[in-house]
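Asker: Here's the letter readout for the chains.
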Amino acid sequence: MKKGLAKLTLALMAAGAISTSAHAATTLVYCSEGSPEGFNPAFYTAGTTFDATSKNMFNRLVEFKLGTTETEPGLATSYDVSSDGLEYTFHLRKGVKFHTSKDFTPTRDFNADDVIFTFDRQGNKENPYHSVSGGSYEYFTGMGMDTLIKEMVKVDDYTVKFILTKPEAPFIANLAMDFASIFSKEQADAYMKAGTPEKLDIDPVATGPFQKVQYQKDSLIRYTAFKDYWQGKAKIDRLVFSITPDASVRYAKLKAGECDVMPYPNPADLKQMEADPNINLMSQEGLNVGYLAFNTQKKPFTDPRVRQALSLATDKSAIIDAVFQGAGKVAKNPIPPTMWSYNKNVVDYPYDPVKAKKLLAEAGYPDGFSTNIWAMPVQRPYNPNARRMAEIMQEDWSKIGVKAEIVSYEWGEYLNRSKKGEHDTVLLGWTGDNGDPDNFLYVLLGCDAVGGANRAQWCNEEFNNLLLKAKQTSDKAERTKLYEESQVVFKREAPWITIAHSVVYEPIRKEVKGYKIDPLGGHYFYNVSK
Amino acid sequence: MFQFIFRRLSLVIPTFLGITLLTFTLIRLIPGDPIEVMAGERGVSAERHAELSAQLGFDQPLYVQYYHYVTGVLQGDLGNSLITREPVMKEFLTLFPATIELAFCAAIFAILIGLPAGIFAAVKRGTVIDHSVMTFSLTGYSMPIFWWALLLMLVFSVNLGWTPVSGRIDVVYWIDDVTGFMLIDSLLSGEEGAFSSAVSHLILPSIVLGTIPMAVIARMTRSSMLEVLSEDYIRTARAKGIAPWRVIVIHALRNALIPVITVIGLQVGILLSGAILTETVFAWPGIGKWLIESIGRRDYPVVQGGILIVACIIIVVNLLVDITYGIVNPRIRHSR
Numbered sequence: 001m002k003k004g005l006a007k008l009t010l011a012l013m014a015a016g017a018i019s020t021s022a023h024a025a026t027t028l029v030y031c032s033e034g035s036p037e038g039f040n041p042a043f044y045t046a047g048t049t050f051d052a053t054s055k056n057m058f059n060r061l062v063e064f065k066l067g068t069t070e071t072e073p074g075l076a077t078s079y080d081v082s083s084d085g086l087e088y089t090f091h092l093r094k095g096v097k098f099h100t101s102k103d104f105t106p107t108r109d110f111n112a113d114d115v116i117f118t119f120d121r122q123g124n125k126e127n128p129y130h131s132v133s134g135g136s137y138e139y140f141t142g143m144g145m146d147t148l149i150k151e152m153v154k155v156d157d158y159t160v161k162f163i164l165t166k167p168e169a170p171f172i173a174n175l176a177m178d179f180a181s182i183f184s185k186e187q188a189d190a191y192m193k194a195g196t197p198e199k200l201d202i203d204p205v206a207t208g209p210f211q212k213v214q215y216q217k218d219s220l221i222r223y224t225a226f227k228d229y230w231q232g233k234a235k236i237d238r239l240v241f242s243i244t245p246d247a248s249v250r251y252a253k254l255k256a257g258e259c260d261v262m263p264y265p266n267p268a269d270l271k272q273m274e275a276d277p278n279i280n281l282m283s284q285e286g287l288n289v290g291y292l293a294f295n296t297q298k299k300p301f302t303d304p305r306v307r308q309a310l311s312l313a314t315d316k317s318a319i320i321d322a323v324f325q326g327a328g329k330v331a332k333n334p335i336p337p338t339m340w341s342y343n344k345n346v347v348d349y350p351y352d353p354v355k356a357k358k359l360l361a362e363a364g365y366p367d368g369f370s371t372n373i374w375a376m377p378v379q380r381p382y383n384p385n386a387r388r389m390a391e392i393m394q395e396d397w398s399k400i401g402v403k404a405e406i407v408s409y410e411w412g413e414y415l416n417r418s419k420k421g422e423h424d425t426v427l428l429g430w431t432g433d434n435g436d437p438d439n440f441l442y443v444l445l446g447c448d449a450v451g452g453a454n455r456a457q458w459c460n461e462e463f464n465n466l467l468l469k470a471k472q473t474s475d476k477a478e479r480t481k482l483y484e485e486s487q488v489v490f491k492r493e494a495p496w497i498t499i500a501h502s503v504v505y506e507p508i509r510k511e512v513k514g515y516k517i518d519p520l521g522g523h524y525f526y527n528v529s530k
Numbered sequence: 001m002f003q004f005i006f007r008r009l010s011l012v013i014p015t016f017l018g019i020t021l022l023t024f025t026l027i028r029l030i031p032g033d034p035i036e037v038m039a040g041e042r043g044v045s046a047e048r049h050a051e052l053s054a055q056l057g058f059d060q061p062l063y064v065q066y067y068h069y070v071t072g073v074l075q076g077d078l079g080n081s082l083i084t085r086e087p088v089m090k091e092f093l094t095l096f097p098a099t100i101e102l103a104f105c106a107a108i109f110a111i112l113i114g115l116p117a118g119i120f121a122a123v124k125r126g127t128v129i130d131h132s133v134m135t136f137s138l139t140g141y142s143m144p145i146f147w148w149a150l151l152l153m154l155v156f157s158v159n160l161g162w163t164p165v166s167g168r169i170d171v172v173y174w175i176d177d178v179t180g181f182m183l184i185d186s187l188l189s190g191e192e193g194a195f196s197s198a199v200s201h202l203i204l205p206s207i208v209l210g211t212i213p214m215a216v217i218a219r220m221t222r223s224s225m226l227e228v229l230s231e232d233y234i235r236t237a238r239a240k241g242i243a244p245w246r247v248i249v250i251h252a253l254r255n256a257l258i259p260v261i262t263v264i265g266l267q268v269g270i271l272l273s274g275a276i277l278t279e280t281v282f283a284w285p286g287i288g289k290w291l292i293e294s295i296g297r298r299d300y301p302v303v304q305g306g307i308l309i310v311a312c313i314i315i316v317v318n319l320l321v322d323i324t325y326g327i328v329n330p331r332i333r334h335s336r
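Protein chains in written order, with UniProt numbering: chain B, 1 to 530; chain F, 1 to 336.
Next comes chain B alone, as it looks inside the complex:
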């Protein structure tokens, strides 16, 4: 009898403990700006999707060190590169557990099969999963991984070797990107056997700090902290994405305490946020650049002096004041200052209309000329109001006799026509993918990108050779030197007017601790406590 009573008391105590812990569970609410497109990050390119999937649910072989654009070990503890730069051998972490979902319970830890499956699915058309769920892997192909990876070899359960077709130093940074998030091969096989392979992309198990519990489209996503996470359980117990598309409403929710962290505030609300004692307004320069590209294959922009003259004639600080309302900084290099190898010593063109006019006369246009400025029809962090920006430039240029007409098209049309080089000058920008300078410099200004993302249609041998050299060495110090040099060439040749880097603001509630802004634009909650 006594024993029974003791048991009962214990059971009651345990129940009490459970219910208190359920009530005491710390929940962090993130008011996200939209619904994820899906739960397989390899299919998509939108940051909203990555926040909901790869950033908080998944891991990769290498990860970005939080708050920087540098990489650090993730599911691979280390890697070796062969001297010719063609072979990368990854040593995998042992004892990494996968989440458990409603209809899948893993029986083994993460190993080499999962790594090979993840990349083989995306690159190998023969892989049975390749065409499941539409099967388009935009980032994998976009970053050229399909032609770069020649072969993957499983050396043993915890060692994988990637053999490349050419030396490519940014490969490591690519592996830290969202599309490289590691899936469970065991789960994939189980679903394939059950005849429901597409379930893998709806309800994947992963190895990251949070596991998905529920998703209600356009409403919310619920996660719980994964207790067996290999870096230790997250400090918060529950994570909720409360999907709130309107920025003013996100702010109202933050004020009312209905959310703890919100992205993308309205620039007009920033002053009020700064003054609010309950809110901590964090800020950092974004990993992006807004620019005006001259079509260097069209006269008169074939002449560098003309491009330099227009650079001198543009008052960038006036643009920052009028267009960015404090949410931007003048850009002098094509890469943002948060990125490694940013060359601080480059001297920008000052605002000097007199010198500009002189230079223009030297180039053979003493009375100026007529041209056009293409203005984007959409808002972007690197350019919140392209039309206004174009108007200011139009006025600046008219002071040295250059008459510019402002042109705009629907967004898809705009991108397509500017790719073909139908413009004289075009406003556009870029947000970095992987924190590697190559992802700005080569993607936007390399000779291979002419007719594509290289809107200046600019192919400069000196510049391009520096970039090619930097691709072929994995020595970071040497790469840094090469990129710094390339920025000097870029400034001298002036294929773009570099206009601005946006400043990213993230208001969070005062009680939220440990949150860091990710320069790559993601939102991570592993280190956050409340």
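A couple of the hints might just be wrong.
Stated by the list, open to error - Using 25 angstroms as the maximum straight-line C-alpha spacing, the simulated DSS-like pairs for lysine-lysine come out as follows:
{"#": "1", "chain 1": "F", "residue 1": "LYS90", "chain 2": "B", "residue 2": "LYS217"}
{"#": "2", "chain 1": "B", "residue 1": "LYS65", "chain 2": "B", "residue 2": "LYS344"}
{"#": "3", "chain 1": "B", "residue 1": "LYS403", "chain 2": "B", "residue 2": "LYS299"}
{"#": "4", "chain 1": "B", "residue 1": "LYS199", "chain 2": "F", "residue 2": "LYS90"}
{"#": "5", "chain 1": "B", "residue 1": "LYS403", "chain 2": "B", "residue 2": "LYS420"}
{"#": "6", "chain 1": "B", "residue 1": "LYS161", "chain 2": "B", "residue 2": "LYS94"}
{"#": "7", "chain 1": "B", "residue 1": "LYS161", "chain 2": "B", "residue 2": "LYS150"}
{"#": "8", "chain 1": "B", "residue 1": "LYS102", "chain 2": "F", "residue 2": "LYS90"}
{"#": "9", "chain 1": "B", "residue 1": "LYS102", "chain 2": "B", "residue 2": "LYS193"}
Stated by the list, open to error - Examples of chain F residues lying across from chain B (beta carbon under 8 angstroms, computed):
{"#": "10", "residue": "GLU36"}
{"#": "11", "residue": "VAL281"}
{"#": "12", "residue": "LYS289"}
Since the hints were derived computationally from the structure, they do not count as laboratory data. By construction, the Cβ of each residue, glycine as well, lies at the ideal position given by its N, Cα and C atoms.
Based on the hints, put chain F in the right spot on chain B.
Answerer: Relative to the frame of chain B, chain F by itself:
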């Protein structure tokens, strides 16, 4: 009666075909290639573009695409979203309960306030009460919804803290998706306080969404009542000494309600087709926001399918209104 219903139904088929053709053509007339829009600044190579076009069927002539679309629709297949790759019908069914829930509450709000206000204004015609009711309803009718929503939110949610800002339920409740109706699911969950949280989340969006229908109903009721109140039989009833409230409620209101029912029916149809602004402001996961976003992304299957379903709902609601009207008013039923 059957002949009347049959006549109405036979009109539905050409309307339906017209809608498929219109949505199919109109969304393709908006400049912008969905593949380019998807790729953004990153761009997509010409080969990849061709590959994707072939995969999505965009490389075929328009009439072939239309043929595939219509034959799909006839088999109940509205295609898959280009963005999420989910079937359009499935996405619609996940979002529609939220729209119904909100539309229902907004309609109740509109009727409960609009109808009595209209009656009252008609009875007290020309007085201060009449003028203020009419001024209020005119203001309500011309209210910019976005601004109105933010105003209510700032006052009642942020400053007074009486209602939650947005969403469908407080995040502390982890409610399973059973029916998709939060009011029902929160009751089913058995969690204490969940239902009242769901109700409190409905208050502001219902008021915002119900404001315009309320104004319309109030004005319609007033003018219809005024017309009926000046009829001879009302004067007769009054002359016979029947109690004034009886004259109004039993004799006048019943006849005055006929046009009001039509208006309510039409308003409900509009409410069910999704409320873009209200849904956006209150982060309400309904079909209005879904459709607008898909237009921006040039998600052809969602736009075509979504608009088609919404149009069908409006057609059905109209048909029901017509039939009810026919039942209430025999003159309509018998006219040829």
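Asker: Is the shortest C-beta separation between F:GLU36 and chain B less than 8 angstroms?
Answerer: Since the shortest Cβ distance to chain B is 4 angstroms, the answer is holds.
Asker: B:LYS102 and B:LYS193: Cα distance at most 25 angstroms?
Answerer: Answer holds: B:LYS102 to B:LYS193 is near 17 angstroms, not above 25 angstroms.
Asker: Take a quick look at whether B:LYS65 and B:LYS344 sit within 25 angstroms of each other, Cα to Cα.
Answerer: Holds. B:LYS65 to B:LYS344 sits at ~23 angstroms (cutoff 25 angstroms).
Asker: Does B:LYS94 sit within 25 angstroms of B:LYS161, going by the straight-line distance between their CA atoms?
Answerer: holds (17 angstroms)
Asker: Quickly compare the C-alpha distance for B:LYS199 and F:LYS90 to 25 angstroms and report which way the hint goes.
Answerer: Roughly 15 angstroms between the alpha carbons, so the hint for B:LYS199 and F:LYS90 holds.
Asker: Are B:LYS102 and F:LYS90 close enough, with their CA atoms no more than 25 angstroms apart?
Answerer: holds (21 angstroms)
Asker: Verify the proposed pairing of B:LYS403 with B:LYS299, using a straight-line Cα cut of 25 angstroms.
Answerer: holds (15 angstroms)
Asker: Would the hint on F:LYS289 be counted as holding, given a Cβ-Cβ threshold of 8 angstroms to chain B?
Answerer: Nearest chain B Cβ about 6 angstroms off; hint holds.
Asker: Given the hinted pair F:LYS90 and B:LYS217, is their alpha-carbon gap at most 25 angstroms?
Answerer: Since the Cα atoms of F:LYS90 and B:LYS217 sit roughly 11 angstroms apart, the hinted pair holds (cutoff 25 angstroms).
Asker: Please verify whether B:LYS403 and B:LYS420 have alpha carbons no more than 25 angstroms apart.
Answerer: holds (23 angstroms)
Asker: Answer holds if the nearest beta-carbon of chain B is closer than 8 angstroms to that of F:VAL281; otherwise answer violated.
Answerer: This hint holds: F:VAL281 lies near chain B, its Cβ roughly 6 angstroms from the closest one there, short of 8 angstroms.
Asker: B:LYS161 and B:LYS150: Cα distance at most 25 angstroms?
Answerer: holds (11 angstroms)
The structure is consistent with each of the numbered hints, conforming to all of them.
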